[in-house]
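Enquirer: Position 3 (the sequence shown) corresponds to 3 in the UniProt record's numbering; numbering is contiguous.
Honestly, the hints are just simulated from the structure, not real lab data.
Cβ coordinates follow ideal geometry from the N, Cα and C atoms, glycine included.
Watch out, some of these pointers could steer you wrong.
Straight-line C-alpha distance at most 20 Å; calculated EDC-like pairs for lysine to aspartate or glutamate [stated by the list, open to error]: (1) K10 - D80; (2) K74 - D15; (3) K74 - E6; (4) K9 - D80; (5) K82 - E40; (6) K9 - E87.
What follows is a list of derived Cβ distance ranges for each label pair [stated by the list, open to error]: (7) N5 - A41: 49 to 59 Å; (8) E40 - T7: 10 to 20 Å; (9) I62 - Y83: 46 to 56 Å.
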Amino acid sequence: MAFQNETLKKQYWRDNLRIIGGLLAIWAFVSFGCGIIFAEALNAIHIGGYPLGFWFAQQGSIVTFVVLIFVYAKLMDRLDRKYGVQETEDAK
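Given only the sequences and the hints, what does the whole structure look like? Please build it.
Expert: Here you go:
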């Protein structure tokens, strides 16, 4: 990855940190918000016989984390293309 100037490099990392922060906020909301804080309210809804709050605490944060990995990869590919630092076929 080679940037032409220091300003582009700083913009790239700022955008990267914005993506990471947003995705971590989503994961924190699902893990702590839905699994712990809002568990009692979510327990009124049942999925497969289990309360939704239990489901989020046991499975929801893991599933969300895996989905966010794919979202992060897609967003970073887009960011790399925006700044012209995408991987080439030679690098793969």
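Enquirer: If a hint holds in the structure, say so; if it doesn't, say that too.
Expert: Hints and how they fare:
1. K10 - D80: 13 Å, holds
2. K74 - D15: Holds, because 14 Å separates the two Cα atoms, which is no more than 20 Å.
3. K74 - E6: Outside the cut-off at roughly 25 Å; violated.
4. K9 - D80: 11 Å, holds
5. K82 - E40: Violated, because 43 Å separates the two Cα atoms, which is more than 20 Å.
6. K9 - E87: Holds, at about 16 Å.
7. N5 - A41: 49 to 59 Å: This hint holds: roughly 50 Å between Cβ atoms.
8. E40 - T7: 10 to 20 Å: 49 Å, violated
9. I62 - Y83: 46 to 56 Å: The hint (46 to 56 Å, Cβ to Cβ) is violated, given that I62 and Y83 are roughly 32 Å apart.
Hint violations for this structure: numbers 3, 5, 8 and 9, all remaining hints satisfied.
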